[in-house]
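S.K.: Chains as they are written, first to last, in our numbering: chain Y, 1 to 289; chain G, 1001 to 1275.
To be clear, the hints were calculated from the coordinates, so they are not data collected in a lab. In this text, all values refer to a predicted model and were calculated from it rather than measured experimentally. Note that beta-carbon positions come from the ideal geometry of N, C-alpha and C, so glycine has one too. A few of these clues could be false.
Unchecked claim - Per label pair, the in silico range of CB-to-CB distance:
#1 G:1126 - Y:276: 32 to 40 angstroms
#2 Y:183 - G:1204: 42 to 50 angstroms
#3 Y:123 - G:1155: 43 to 51 angstroms
#4 G:1153 - Y:176: 52 to 60 angstroms
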Amino acid sequence: MMSGQTGPVCVVLIALLVIWYIGAVFMNAPTQIDRYNRADQTWTTSQLIEDTLAQDRPILPAPHQVAVEMYKTIFAIKITSKRSLVYHSWVTLSSTLLGFGIGTLLGVLLAVGIVHVMTLEKSLMPWVISSQTIPILAIAPMIIVVLGAIGIKGLVPKAIISTYLCFFPVTISMVKGLRSPQVIQLDLMRTYNASKWQTFWQLRLPSAMPYLFASLKVAIAISLVGAIVGELPTGAQAGLGARLLAGSYYGQTIQIWSALLTAAFVAALLVVIVGWCERRVLARMGVKA
Amino acid sequence: MTLKTVVNNVAEMPTSKKAVVDINKLSLTFQTADGPVYALSDVDLTIEEGDFVSFIGPSGCGKTTLLRVIADLEQATGGEISINGVTPHEAREKRAYGYVFQAPALLPWRSIERNVTLPLEIMEISKEERVKRAQEALKLVELNGFEKKFPWQLSGGMQQRASIARALSFDADLLLMDEPFGALDEIVRDHLNEQLLKLWARTNKTVAFVTHSIPEAVYLSSKIVVMSPRPGRIIDVIETDFPKDRSLDIRETPEFLEVAHRVREGLRAGHSNDE
């Protein structure tokens, strides 16, 4: 199955790297030329290209610089070190997963309520939707500050921001999914005099599974975004968000890009894991392979 | 007309058999945005124990609606109806009937066996008993050996047979079938008709069967109810006395053709009111 995809993926990857290198040369060239001029140094084009790709604090670091930094901070350092990206990733990942867990649970519960209770649909749905119109960047610091004031710090406030973001797609999809059984199937359950609970368990929930997994893939990715955003106002203590912020304080662009790429890899990994669970569950449910 | 009036009064004739479904002056009006739709009007009918009753008529004549009222899936707006002496709602609570829909409506995530055991699970019957009954029901529709298959692995006719097995699994005495073979081709249909008839002869269940095929109605039934639309009403009730173990060959006999002719006449008469 992979062999069909490897080729195209590699082509896109190589194209991106080429564009990245060209971009790095052009964006870093002005400061490099400035540096040559101040040192009264003569330079050639090949020397310029070489130097633009090896700056300490480039505007755009070259891919290999980021790769070296990532290797150093992921593999060459003890994972308990404050400089280890594994350590920071774990900090972010733990609140991502906690937020994702709570958010999914909340999302499913809200959907179940909305599908079964008419008044909940009318009263809750507008709030569910308007909750997502508030920029997370505006509300995240408030959550951190308010919870901090009552003594809740560390993992939980960040997880709550993740929850805030990721319950939404789950609720919307699950409402649709729980309503997806056909009339004929609902009639069938009625002829058996099935209770609401039995209809939910035997018909509505299994029908909603494909919808649930589609939303979980979105939810896990934005849960990570929520955790990173939640780390920004904490004063850059720990986590990938903290690395991003610290990097930007000190102009450490290579550090920023390493953290950024690590976050992307973590997100991709999480989505792949959810996709794998999806295939396992749907295969057990007899979906045509 | 005189003949018709006579047969129409079948319901009032004294009988020794137990009435399973008793319908009296039943009517049902749907309120829609375009005004009321008279789906059923003044329907009188008795279905007796062991009857195989077919409802035939053009679309919109209320035959499916009538079946749904019996099943408590629709509520009548006038008249009386009782199933085994109780209201349709109470009958549904007692799981007095098995219903077969136009489409198989199998749950795609359940194997054939687990689809058949679905009603038994809802009725909280023990697992061994469920498996045993599923085996029996699948045997009745000749689907043994397909227990572990998923619905998409079966043909349309086999899926519909599985849905019949599901309706049989909890052994209700009354079987309600709403055009169960309507979507199938003629050869498969003939075969399933034969099987259904054998099943009926063997189990002695009471069957109410909606169709719009005249040969199907005549071949299967002990009683044919001819209906006409706008408003949905019964215009003729024809009793037949073909032997229970009849074969498809009876469709070429004069008796069969005579009954089929009468059904066709009834349908035509009902239709002429339209124009």
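S.K.: Are the hints correct? Go through all of them and say.
M.R.: Status of each hint after checking the structure:
Under the hint 32 to 40 angstroms, the C-beta atoms of residue 1126 (chain G) and residue 276 (chain Y), about 36 angstroms apart, fit the expected range. In this structure the supplied range 42 to 50 angstroms is violated for residue 183 (chain Y) paired with residue 1204 (chain G), their Cβ-Cβ distance being about 32 angstroms. Checked against the hint of 43 to 51 angstroms, the C-beta distance between residue 123 (chain Y) and residue 1155 (chain G) comes to roughly 48 angstroms, which is consistent with it. A beta carbon spacing of about 28 angstroms between residue 1153 (chain G) and residue 176 (chain Y) contradicts the range 52 to 60 angstroms that was offered as a hint.
Hint violations for this structure: numbers 2, 4, all remaining hints satisfied.
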